[in-house]
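J.: Protein chains in written order, with our numbering: chain A, -8 to 347; chain B, -8 to 347; chain C, -8 to 347.
One or more hints might be untrue.
Copies of the same chain look alike in the list, so a pair counts if it fits in one copy or across any two.
What the hints assert, rightly or not - Derived lysine-lysine pairs resembling DSS-like cross-links, with alpha carbons at most 25 Å apart:
#, residue 1, residue 2
1, Lys296, Lys321
2, Lys336, Lys63
3, Lys62, Lys296
4, Lys40, Lys260
5, Lys106, Lys301
6, Lys29, Lys57
In short, the hints are calculated from the structure, not lab data.
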Amino acid sequence: MPEIMEFTIQQIAAMLGGEVKGDGNAKINMLAKIQDAKPGQIAFLSNPKYENFIYTTQASAVIVSKDFVPKKDVSAALIVVTDPYSSFTVLLEEYHKMMSFQKTGVEEPSFLGSKTTIGKNIYRGAFSYIGSNVKIGDNVKIYPHAYVGDDVEIGNNTILHTGTKLYSGTKIGNNCTIHAGTVIGSDGFGFAPQADGTYKTIPQLGNVIIEDNVTVGGNTVIDCATLFGDATIIRQGVKLDNLIQIAHNVEIGKNTVIAAQAGISGSTKIGENSVLAGQVGIAGHLVIANNTSIGAQSGISKSIKEEGQKILGYPAFDIKEYFRSYAVFKNLPDLNQRLRDLEKKMEELKLPTEKP
Amino acid sequence: MPEIMEFTIQQIAAMLGGEVKGDGNAKINMLAKIQDAKPGQIAFLSNPKYENFIYTTQASAVIVSKDFVPKKDVSAALIVVTDPYSSFTVLLEEYHKMMSFQKTGVEEPSFLGSKTTIGKNIYRGAFSYIGSNVKIGDNVKIYPHAYVGDDVEIGNNTILHTGTKLYSGTKIGNNCTIHAGTVIGSDGFGFAPQADGTYKTIPQLGNVIIEDNVTVGGNTVIDCATLFGDATIIRQGVKLDNLIQIAHNVEIGKNTVIAAQAGISGSTKIGENSVLAGQVGIAGHLVIANNTSIGAQSGISKSIKEEGQKILGYPAFDIKEYFRSYAVFKNLPDLNQRLRDLEKKMEELKLPTEKP
Amino acid sequence: MPEIMEFTIQQIAAMLGGEVKGDGNAKINMLAKIQDAKPGQIAFLSNPKYENFIYTTQASAVIVSKDFVPKKDVSAALIVVTDPYSSFTVLLEEYHKMMSFQKTGVEEPSFLGSKTTIGKNIYRGAFSYIGSNVKIGDNVKIYPHAYVGDDVEIGNNTILHTGTKLYSGTKIGNNCTIHAGTVIGSDGFGFAPQADGTYKTIPQLGNVIIEDNVTVGGNTVIDCATLFGDATIIRQGVKLDNLIQIAHNVEIGKNTVIAAQAGISGSTKIGENSVLAGQVGIAGHLVIANNTSIGAQSGISKSIKEEGQKILGYPAFDIKEYFRSYAVFKNLPDLNQRLRDLEKKMEELKLPTEKP
């Protein structure tokens, strides 16, 4: 990774609202872990487990907590803050911004359709394809091999990583990040069974709308809605992981988080601020209430009406009850044997009582 | 979406075998939902729930059923048919055809290998790659970033969406649609364990054959067969959704439908007219009978010999029996307690009977 | 497939350490199955079930075992070896090598960044993208539409199939094969919940390291580690299938095999020589011991400390015990009925004993 930042320790402390102990004039050009840091780099100490490393680190500066009292000499300058991890995260973000604002301009060959308008400060990578009647905002980055179909709209500050594929008519808001290989707007899976056993394709003429501040992981697929004028909708602040399936006409409520390899079937509406763990599957035409938490690999076959539930299972129900049932499941052979023993005893008991 | 069709209401009625009530000369250039339609657009009324909209719609025409009797004035012209939804679908299809037949010609740069033959009326998008010794039929659309390896054959009217990847030797029939990012013909997962714990790669030299009228969703993967001369086969009329895994030497019987994220392991044969729901997993070397219906997330570890079964579970068995067992599963802690109660009562009972 | 090899039967026998019975001078240009082989091709007979085909095959040569005694006339020349299947595999490998060594040179247009060094005997397909500060070894094949971000390192003899996507900073060793559409180094799924219900993106600054002799299937995603200096690590000899999710900071131990659609959550370490079947899901921050075998679709929610276990279930436990419990699960309605019967009998029994 190239060294693209260079600040003095004093400048970084000012950025973090921290206090410097030691030489504030040394220059920092990179972030690192305390055990790996080299001269010119800055690290942090948050977990006491790592305290020993601060006495041997080669870092030029270490961000520490107000509560930290060195037991030995520390050669690094210290930046004293309230929460070292959180401060380090701020630096990471700054660093990240500097990194990602590096890429601008147009690499050739790239393809640009007609009647397309593009904002300021754009990156268009080599072999990127932008169709006709497209509208793209400012500070957008379109990496190599990304495909933007006709009639697409993209807001400001959005990043399409390499090989992102947006079918015609897709709409994406501001500050979104779409990771590599993800497909948005492919045909919904709609086929009408015919008398002879074949299926007729139901044309899929809607689109996908992705609101602001949405992140979508790699190789995920989001299908378009069926009818013209309808949309599959991903509301603002939603975070989708890798390899997720979002079927036609689905709506994901704002700030909902969905982990990798989950699948949502057609026309299902997921509420706001919900969390779906990995490999969850949700049937079609359901409504899932806000603040629902669904455990990994669960299968959901009915709507969830009450907010704030935590569920698990196949099909899923209350997570605590699932684990209670599952504890008995593990002992089912034993339980079966106990039942047999009882039956035998009952038989022995009944024999005398019935005979006389 | 551009306005690419323009017909009079009378022309559309003729196309649908319907009767016009009102002005048949107005022009229609777009399809829409009855609640959203604008002048120049046509909508339909099928579900009585939506009847109110017909009295306020701005649509120039509405397709209605023979049974429809207006309760108020309707400003739109009516096209009276037997089944309004089905008629609307016919229009959608016509519209879709007009849309997709728009794209023809070659965008540059694109890559074309040697000894390759290509039919009439082709679309080859920018950055599409077609290798050597390839045969492509008429009316084929190859979208940007699609990859067609050497020795591939593609029939007529087939669409490869953006980023489709066909390894060398793949064969695809007529009227197929392959969605974005799908990989066809990648190496089967074959490795021979060695004495030292490492694995030796078993070369995968077969190919994939996809027959006519097949649709494959986005980011699906279909591996090639292992031996030269063998093929992984997707029979005619099969519909595969997104993110599906089809391993080497699998065969999917005709008109079978497989939903998203399902996975079929190596050498398994799925029968005809079967339906596999989402996230189903099927073990290797099995045979699944025709007309089998497999519930979402089911795991199949044994062949299914009898046709027409509906199964569910992990591993799967009869779906009704699964739900019966699952109903008891949910109450297992209670059942366990009832058993304990009985054991206690039995102990109490036996004590007196044994003592004397 | 083009005919790219041509050897005499005698030359092939020498390659395999076998003995020729018949005409050793005929020329072989292709491998085939015994039932399909044509003149000029070589097949093998290993499974006695296929013996009949040897009397009718058109193959010019058949590899047979020392134990094979023909019952009728065989027109093909025989190559007698100890293990015909294994010998045929050797030929397949040779053939495969010849095939894959075919592709060399640079197809245009292709993109090459600055300060990038590339070894000898390279294939760079059309529309491939190689960024800046990249180091690539000898005999590497980079297929069309592959994307190699900045600061990537790739060893010798590695193959990146079409549409492979390597984010900046990825490191790949020698003799690796990455299949089409696979994404390596995308952002880990890390978001910090905020008081207002939104999520803040945690910058993902680590990378992915893939050691030697690793194979990764198609459309798989491997996320980068979170902190700069950290890596998601795939150890030497690992074999990953298609559509797998490997989250940030995961480590997969050497020679471990993972089947399609499995998902490993963040920071989990999988041991060496383990086998994960298809659609397995593993929670985050776990440690899985060496030589663990995990059945298809299992969910793993706790670390596995003891080596050599075979587990199954959701959550998973010992595979034999799982099947024992599952056998009872299938009969739960019956078990429930037996319990009711006992309760009723107990009630009848107790009535007389309580009354007096």
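J.: All hints are to be evaluated individually against the structure, with a verdict given for each.
T.: For each hint, the structure was consulted:
no. : hint             : verdict
1   : Lys296 to Lys321 : between (31 Å within a copy, 20 Å between copies)
2   : Lys336 to Lys63  : neither (73 Å within a copy, 69 Å between copies)
3   : Lys62 to Lys296  : neither (56 Å within a copy, 36 Å between copies)
4   : Lys40 to Lys260  : between (44 Å within a copy, 20 Å between copies)
5   : Lys106 to Lys301 : neither (49 Å within a copy, 53 Å between copies)
6   : Lys29 to Lys57   : within (24 Å within a copy, 64 Å between copies)
This entry does not satisfy hints 2, 3 and 5, going by the numbered hints stated previously.
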